[in-house]
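Protein chains in written order, with my numbering: chain A, 1 to 342; chain B, 1001 to 1342; chain C, 2001 to 2326; chain D, 3001 to 3326.
Quick caveat, the hints were computed from the structure, so don't treat them as lab data.
Among the clues, some could well be false.
[What the hints assert, rightly or not] Below, computed lysine-lysine pairings styled on PhoX-like, alpha-carbon distance capped at 25 Å:
#1 B:K1266 - C:K2051
#2 D:K3033 - B:K1148
#3 B:K1266 - B:K1179
[Said to hold, decoys possible] Some, not all, of what chain C presents toward chain D, calculated at C-beta under 8 Å:
#4 D2092
#5 Y2177
#6 Q2266
We put the beta carbon where it would ideally sit given N, CA and C, even for glycine.
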Amino acid sequence: MTQKTRPSAGETAPEREISPEKRLEMYRLQVLLRQAEQRAYDLFLENKIKGTSHLSLGQEAVAAGTAAAMRPGDLSFCTYRGHAHTLARGVPVEKVLGELMGRDNGLMRGKGGSMHLTSVEHGVMGSYAIVGAHLPIACGAAWRAQYKGDSDVSVCFFGDGATNIGAFHEALNFAACRKLPVVFVCENNLYMEYTPITEVTAVTHPGADRASAYGLERIVIDGNDADVVYLTLSKAFARARAGEGPSLIECLTYRHSGHSRADPAKYRPPGELDRWKERDPVSIYRKRLEAEGVPGATLDAIEAQVRRVVDDATKACEAAPSTSEDILFTDVYADGGCSWRN
Amino acid sequence: MTQKTRPSAGETAPEREISPEKRLEMYRLQVLLRQAEQRAYDLFLENKIKGTSHLSLGQEAVAAGTAAAMRPGDLSFCTYRGHAHTLARGVPVEKVLGELMGRDNGLMRGKGGSMHLTSVEHGVMGSYAIVGAHLPIACGAAWRAQYKGDSDVSVCFFGDGATNIGAFHEALNFAACRKLPVVFVCENNLYMEYTPITEVTAVTHPGADRASAYGLERIVIDGNDADVVYLTLSKAFARARAGEGPSLIECLTYRHSGHSRADPAKYRPPGELDRWKERDPVSIYRKRLEAEGVPGATLDAIEAQVRRVVDDATKACEAAPSTSEDILFTDVYADGGCSWRN
Amino acid sequence: MAQLTYREAVARGIAQEMARDENVVLLGEDVAKAGGVFKATVGLFEQFGPKRVLDTPISEQAILGAAMGAAMTGLRPIAEIMFADFLGVCYDYIANEFPKTRYMSNGQVSCPLVVRCGNGGGARFGAQHSQSVENWCMQFPGLKVVSPSSPVDVIGLLAAAVRDPDPVVFLEHKSLYAVKGEVPDGEILDTLGTARILRPGRDATILALGMMVPRSLQAAEALQAKYGISCEVIDVRSLVPLDTQCILGSVARTGRVFTVEENPRQLGWGSELVSIIADEAFYDLDGPAVRITTPNIPLPAADALEDLAIPSVDRIVGMIHRSLTA
Amino acid sequence: MAQLTYREAVARGIAQEMARDENVVLLGEDVAKAGGVFKATVGLFEQFGPKRVLDTPISEQAILGAAMGAAMTGLRPIAEIMFADFLGVCYDYIANEFPKTRYMSNGQVSCPLVVRCGNGGGARFGAQHSQSVENWCMQFPGLKVVSPSSPVDVIGLLAAAVRDPDPVVFLEHKSLYAVKGEVPDGEILDTLGTARILRPGRDATILALGMMVPRSLQAAEALQAKYGISCEVIDVRSLVPLDTQCILGSVARTGRVFTVEENPRQLGWGSELVSIIADEAFYDLDGPAVRITTPNIPLPAADALEDLAIPSVDRIVGMIHRSLTA
Ligand SMILES: Cc1ncc(C[n+]2csc(CCOP(=O)(O)OP(=O)(O)O)c2C)c(N)n1
Ligand SMILES: Cc1ncc(C[n+]2csc(CCOP(=O)(O)OP(=O)(O)O)c2C)c(N)n1
Ligand SMILES: [Mg+2]
Ligand SMILES: [Mg+2]
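Looking at chain A on its own, in the form it has when it is part of the complex (with noise of 0.2 Å):
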C-alpha cells in the first residue's frame, strides 16, 4: 500500500497549460460557490432552511475544476452534498437557495429539497441521497451516450464513504467491463458523517486504492487546488471521449464546516482545520493569481459581483412565497398526476 506524505498532496502531477480566462471562471466559481453555502448556513441557523443541507465548504476547487473541464451537454450526477456541483454547472443561486428554504422559485419548488437537486437543463442529473446509488445511474447515461454515438461524459460525484458500498464497487466493474464514458470522482474529506473514513477502510485511500480491482489507473490528487484538477479532470474527460473507458479519480479535500446541518464538528482532532484552513482552496487559487500577475482589483470585482449574485438571489428567495400547494400531487406519474386507479 503506497503511502502519502503530505495527507494534502496529491500523487498525480498533471502537466498541461490553462488559459487565463479559464482560471478567472474558476476563481469566480470557487468564490461563489463559497459565498452560496455560506449564505446557506447561515440562512439554516436563521430558521430560514428547514429540514437539512450539506455545505461543500473547503472542498470547492473540486466542483469549480470538474466544472471547468466539462462541456455543455456533459452530465453531473451529485449526493446530498450536490449545492456546489449544482452551481458550478451554471445553475441560478436564488433556484438552489429557493430550493433550500422550500420556495416556489426553487429549483424544484420544493420537491425535492437541498439533497435532491436536479436541473436537467444544465446537465444536472440529479442529486442522490442514498449513499453510492448514483454510480450505477451514471454509468447508465454514459452507456446510453456510447450506445448513441453522443459525446458527452457522466460525471458522478461521491465521499470517500460511498467507496465502501456495494454500488459502488458494481458500478466500477460495470463501467470498466464496457469502457463507459463515465468519470467517478471521489471527493475524500476524510469523514463519513463522523467517523473517519480510516476507521472503516482497509486501505489508505479508499477511492485510489480500489482502482485497480476494476483495471484502472490509480489517481489520487490535490482536490483543493482548481488547477489540479482541471488538468486530471480534462485528461479523463478527453480519454471518455475517446472511447478509453472511465476514471476513478481520488480528491484529497476537506470540509470545513461539519457533516450537515448545523453539525459542530467536535469528533474532529485539534488543529486538524486549521491545518486544512492554511490549504483553503479559495485562497491559495487567489494568492496564485496574484502571484502570477492578475491585478487584486480583477479579484475583488469577482468577489464583489458574486457577492451581489447571491444578495439578489436572498432577497428574491426571502420574497418568494413560500411552495403553492397545487404541486402537492403533481409529477409522481408521467401524466402530470399521481392517480393510481380508475
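Fit chains B, C and D with the ligands to the given chain A structure using the hints.
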C-alpha cells in the same frame, strides 16, 4: 494486471508437508463427492430429484482440501452449489440425497432443498442461494468468534461470478478492517451460469485481482490440486486463528457438469471440457498417490467403500417416505409455529 | 394466429418492441448469448446483436442503476432480474430511485424502463427462488406493477410497459413459462391498468393474478359443477395502475369477494384490494371479504410441501364454498 | 420515575439490555463515538467500549449480514440502519435471509437480532429520508415488526425485541425522538404482539402507529369536543405479531374502524388490518372501513408540502367526522 500463463495452474506455491493419512482422507473425500454428486445427477435425470441441483463435479479438490484443513468447530458457509462442501464436512450422504429428493429423511426434511443444505451439527451453517449474501453473514460468525475469544474460523465459499456483486465488496472490507477470522474461498470455475466470467469482469482474476482493494495478499492457486488447496487453506486458517485477519483465496477450477439441473453447457468452446478433464482432480490425485507408493488396492478399497455408502444412501432415500406434511407450518418462528397473530 | 408458449411470448414481445424502437435495449444476466435462464429471451441476441442485448455481471444494482440512467437520458431499457426474489439485492432502485425521481425533480426527469422478473413458485426451488413479490413493489407511488397470466397478455402488456413513460415492474410467472396460448399475428398492444373478466358470474367475485388465474378458473368451474355456485373470475393483471372500476363493478354485482394470492398472507396484494372494497363497496358486500393465500410460511422446497403451501384448486373451491354457505 | 425523551429511551433500552446480557452488541454507522446521527445511542460507547459498540463503514449489507452471522452463532446484535429508507440497500437480509433461515434449516438456525431504524417523516428531509417503511417489512413470515410511540414503550419493546429469539425490525419515529414521557425506574420489559388501547371510545376504532398515535389521540379529543363522537384509539405497536384480539374486540364494540397510516396509501400496513377485519369482523362493521393515509405521492421536502402530505389532526378529524355522519 498480472497474466497467468497456464489457466489451470495457480500462482502461489505452498511449501509444507502433508501426512499420508491426511492425503488418503482427501482422496476419500474427493471420491465421495464425485460419486455422491454423480448419483445426484442420475437421480435428477430419473426425475427423483425435482427442482434444481448444482453440482461440483470437477471442483472436488477445493471442497476436500478445505475441509481437510478445517478443525471441528470451524464453520462453513456455502452457496447453492453446496453439496460438496456439505458432504466434505461429514454430513451423511443419505441426509443430503434425501434433502435433494424431498424426503422425510432429508437434512432439513425437504424444507430447504438442494440450495439450502445446512447442518449446524457439522459446522455447515447454511447454503445461500442469493449470490453474495453469505459473505457478510460469514463475517458475522467470525466477528462472534473474535468477540467471544473462540478459536473457530469461518470459511465462505463462492464463485467467480459472486465477486462482482456489492455484498462481496462490503464483506471483504468489513472483514479486513476488523481482522476477522474468516477465509474467503473463491472457486473460479470460469463461468457464472452460462456467461464466461471474463466477459463481464474488469480484471483477469475476479477474486485475487481484488485482494489489494482490501489490503489483502493476492492469492491464486490451482484449485484442482487438493494438496495445494490444503496447504494454502491451512496457512489461511493459521493466520485467522492468530488474529491476523481474513484471506481471500482464488482457486482455479472447472465444473465438468453444466451450471444446474440438466444444463448441457453448450456455451463452452469445443475442447475446453476435455482439456480440463485431463486435469481432473480425482484422477490426478490418485495418480500422485500411486506414484508416491500408495498401493492401488488401498485406493480401490476406498472407492468401493464409498460406492457402498452412496448406494446404501440412495436405497435409503428411495425407501424413505416423502416429506411429512406436519412440518409445513413448523419453525417459522422460534416458538415452533407460524402464527403471527393472536 | 399461432400457438405460443408464455416464454416465447416474452421473446416475441421484446422483439416486437425492439424492432419498433431502436431505443429499446435489453440487459441482464445470461439474457444474451444463452437466451436467458428461463429461455425467455432466446433469439434476441441473434436478431438484435450485442449492442442492444447485453449480458451483465452478477450486479443487480448495476443492472437496475444502469437501466435507470439510460432511461433518464433517452433509452427504453428492459432489465431482467432473473428471479424476482433477487429484487432484494437491488431494492433501493425499486423503492427509492425509479419511482421518486420524477416527483423529486418536479417533472424534469423521466424513468421509462421495464424490470422483468421470473416470479412465483411451483418449481420446487425453495424459499429464495419461488416468491411472489407483487407486494414488494406495489407500495411505491410512481412505480407500476403488472403481471400477465397468458401468452397474449404477456406480449400486449409488455409492449404497453415498454412504451409507458413510467417505470414498470413486469412479473412473469415461472410456472407459466411452458403454458401455451393463442396469439394473433401482427403487433399486439394492450393497456396497463385494465383488469379482465375471464369468466362472468353472479354469486362471488374472484380476484386473481399470475398462476392463480388458471387455478381460479378451474375452481370456478368446479364450484359451478359441484355446488351450482357462479363465480366471476377477474384477472387483475395490473396492480398499479389498478382497474378499480372493473373490480368494484363486479363486487357490486356479486356481493362477495375472494382474492386468490400466491404470496404469504401478510400484506399480500389482496389486502389493498380488499381495503378498497371494504371502504368504497362496503354496502355492496353481502358477507366477509376472504383472502385465499399461501399461509404465513416461507416456501418449502419439497414438492409435497410446496403443493400444500400454494393455494390449490381444491383449497380455493373449499374456502369459497364454505364461506358462501356459512 | 423520570422524564425521558424518546431518543434517551432508546439509549436507555439498549444499555439495559447490554448490561443484562454480554452477548448484546451494537453496530451501525456513527453509532459509537458520535452517539448516532439521531443521538439515540449517546453514552453507550463510553459505557460499553469499542468491543461492544461498533462504528461500521457505510456498508448496510455488511451491517445486517454481520448481525445475522453473529446472531446465528450466539450473539444478540442490535444493528442500526440509520434511516429506515436505507433498508433498500440491504433488503435481501430483511426479505430473504433473516426470516427464512430458521424455516429452511428446519429449525436448526436461529436469528435473534434487532434492526433499529429512524423511520417516518416530518423532518423535511425529502423523499429518500422520510419514509414509513412498516410495509416494506411486514410481509415476511419469520420477521417481526415493532414501532413504539412513547419513551416507555421504546424501552419495553426494545428489551422485548432484544430478548426475542426471532429477528425484529424496530422502527423508531424520527419526529418523536425529542418527545418526552414518564419512564419508571428499574428494568422495563414489555411484550411483543400487544396493542394498547390508549383511549376508550364507543363510536369508532382508530388504529394508529408511531407519530400517528399522538395525532390520533388529538383527533379523538377534537372529535369528542366538537362533534360528540367517541373514538377508541389503539396504538397497534406491533404489526408482527399482531394483537388481533385487541383490534377485533374493539371493532366489535364500536362497529367502525379507521386506520391512520403515515405511509402512502398503496399497500400500507392498514390494508392488512382492514382485510382481517373485513373478513373476521365483517358482521360487526356498521359502515365502511376507512384508511387515512399519506396520499399516493413520494414525500416532498418543503415544509408546507410535507405538512399537507402526512395525515394531520385536522384531516383525521375531517375524514372520520364525514364518514360517520355520511
Ligand atoms: C446507503 C446510505 N447509508 C447511509 C447514509 C447516511 N449518510 C449520509 S451521508 C453519509 C456519509 C457519507 O460520507 P462520504 O461518502 O464520505 O461523503 P461526504 O458526506 O463526506 O461528502 C452517510 C453515512 C445514506 N445517505 N445512505
Ligand atoms: C443475487 C443473485 N443474482 C443472480 C443469481 C442467479 N445465479 C445463481 S448462480 C449464478 C451464477 C453464479 O456464478 P459463480 O459465482 O461463478 O458461481 P458458480 O455457480 O459458478 O459456482 C447466478 C447468476 C442469484 N442466485 N443471486
Ligand atoms: Mg467524506
Ligand atoms: Mg463460477
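Can you confirm whether the C-alpha distance between K1266 of chain B and K1179 of chain B stays at or below 25 Å?
Since the Cα atoms of K1266 of chain B and K1179 of chain B sit roughly 42 Å apart, the hinted pair is violated (cutoff 25 Å).
Are K1266 of chain B and K2051 of chain C close enough, with their CA atoms no more than 25 Å apart?
23 Å, holds
Does K1148 of chain B lie within 25 Å of K3033 of chain D when you go C-alpha to C-alpha?
Holds, at about 22 Å.
Holds or violated: the hint that Y2177 of chain C contacts chain D, with Cβ atoms closer than 8 Å.
Cβ of Y2177 of chain C sits 22 Å from chain D, so the hint is violated.
Should the hint that Q2266 of chain C touches chain D count as held when the rule is a Cβ pair under 8 Å?
Constraint on Q2266 of chain C satisfied, holds at 5 Å.
Quick check on the hint: D2092 of chain C CB to chain D CB, less than 8 Å?
3 Å, holds
The structure fails to meet hints 3, 5 from the earlier list, while all remaining hints are met.
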